[in-house]
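S.K.: Below are the chains, spelled out letter by letter.
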Amino acid sequence: MTRRPRTAQRTPETHVTARPARSAPSNVLDSRWFMVAARVLVVLMVLGGWQYVAVSGVLGKDAFPTMTGTLAELARQLGSHDLWLAVWATVRGWALGVLIGGSLAIIVGTLLGLNRFAYLSVIPVVEFVKTVPVIAILPLAIVVWGATLQMKVFLVAFGVFWPLTIQVIYGVRAVDPVVRDTAVVLRLRGLRKFVGVTLPSAAPFIATGLRVAAAVGLILAVIAELIGGAPGLGLSILTSVNAGPSRLPATYAFILVTGVAGVIVTSSFAFLEQRLLHWHESQRNLASKAA
Amino acid sequence: MPTRAERTGSPDVSPILAAATTPSHQRPARAASRSASSLRRLWSGIWRLWFFAVVLVAWWVLSADSTSTFFPPLRNIVGRLYDLWIAGDARTNAWSSLQHFAIGYALAGLFGVGVGALLWKFARVGRAVSPVLYFVYVIPTAALLPAIMAIMGIGGSMQITIIVLAAVWPTMLNTLDGMRGIDPIKLDTARVMHMSALRTVRTVVLPGAMPQIMAGLRHSLQIGVIMMVVSELVASESGIGFFILEAQQRFAITDMWTGIIILALIGSVLTFLFVAVERVVLAWYIGARAVEKKG
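Chains X and L, in that order, give the protein sequences. Numbering-wise, my numbering comes out as the position in the first sequence, counting from 1, plus 239. Numbering-wise, my numbering comes out as the position in the second sequence, counting from 1, plus 212.
No lab work stands behind these hints, which were simulated from the structure alone. Check the hints yourself; a few may be wrong.
[Claimed, not checked] A partial selection of chain L residues facing chain X, derived with a Cβ cut-off under 7 Å:
{"#": "1", "residue": "Phe282"}
{"#": "2", "residue": "Pro284"}
{"#": "3", "residue": "Leu286"}
{"#": "4", "residue": "Val344"}
{"#": "5", "residue": "Val489"}
Backbone N, C-alpha and C fix where the C-beta goes; we use that ideal spot for every residue, glycine too.
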């Protein structure tokens, strides 16, 4: 009686990456718990250093609020209405700007990338405008729209559009020659080729571009609020600065919240990218570093 | 005839590639044909700028009778540009901005590469410190502006500090990433060959990490330019940002536009300079990637 060959054991794959089994490291300094403890220690040292600098007045008497004061103020603000309104205003402007700029960039970039003549003609213009610091547009935007949400959305969309368009164009054009030739041999054309060959090849470029665009968009949103006066976290920072040294803990509390917002944005986009492009992971490192 | 570079869509590296792959005894013949083809490429490059020219002409024509305060005719803008920046003395603004930028960017580059290399060398320290570094990296530096102003007051050193604080992170993190991404086999080979530390750094570590370091430096350049302007928009008595802001507050919109154009030109010239330097530094890498891409 023949026995059916046993199928190979399937190791359960995690969604993100398959972790190889690790043997215990030889040196205690490399073990996991030590690493976590070291990181916590560094954070505590930074907070302690802040407290010391504030209390001892090393960098100027009234320039720094104490760490404890700032954290207390932060806790108080987290319970109050104003902070969340400001966060919502910033997130709204950022999201609208990235959405508008991003979708325009993807559409325009795809159209340009598919046609070689169009791509070669338009690239000099796009590359030139990309090197223009978006800040140059800020006074113009303030003059045209005032200190409003529209000004913020325009600034973010403008800043996001140009580099993302270039990324999309490169992505659409960066098809692996073997894949491209296979598509020719299999006589793939039109929509089928676009969906099956072009889009997957462009995906890592678009993902990297969107991640950078999200981060840049947040920076531009904060700048638009801080300098332009549009409502949001930046404006809260500005008003508490103008209110004088008594409000200094509030200023730093807002700065911390802005930092946390930046962390959340960047890590969620990186996480999404890893999830959606897990099948592309190996090719990403090769091709998409050029951002 | 489309060059190999144009067919694959990769950056135009044919001169570098030709130089890298031609055996030396064939170089003189290649050089002669290379200059003819580079002339041809220059001509086709100029032709490609047609869209650029169309955009400029369209702007000129469409704004010629404009009565809107916000979008004055391009002719007026160009006229004011000449009066203020070429014949006049608004150039001092540009020089002071660029001075601050140059010092800030140089410091940020040196500091970024140095600290990034140290964090790579002492890997455990690097891993322990990276969450904090990452957090500070993603704080929009504009948010730190009031804090820096409170400590350093208004003036050149404040602006340089802002530029350094903002521009150091991309370089530092990219240096760290680039060095981490070096093929460990190469490092082991260097150890096996008993290469001195200096030689390993010079021949294995630096070239291996250089593409990513240059990418980081390029990002730092863009951030540095933005911060140069931001620091002047908020608190300054001179500089391009100050010029633009002051023109806007006076409602001299045409003057403001000239400032914007000058700022755009500065930004693009700096970037093109950087790309030229990058092409020289990474010539071997660009050539190798082009060969790899063609298969």
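S.K.: If a hint holds in the structure, say so; if it does not, say that too.
M.R.: Okay, the hints, checked on the actual structure:
Using the Cβ-Cβ criterion of 7 Å, the hint placing Phe282 (chain L) at the interface with chain X is satisfied: the shortest such distance is roughly 5 Å. With a least beta-carbon distance of about 11 Å to chain X, the hint placing Pro284 (chain L) at the interface is violated under the 7 Å criterion. The closest approach between the C-beta of Leu286 (chain L) and any C-beta of chain X is roughly 14 Å, which is over the 7 Å cut-off, so the hint fails. Taken as an interface hint, Val344 (chain L) checks out: its beta carbon lies about 6 Å from the nearest beta carbon of chain X, inside 7 Å.
For Val489 (chain L), the interface hint is violated, the least distance from its beta-carbon to any beta-carbon of chain X being 15 Å, above 7 Å.
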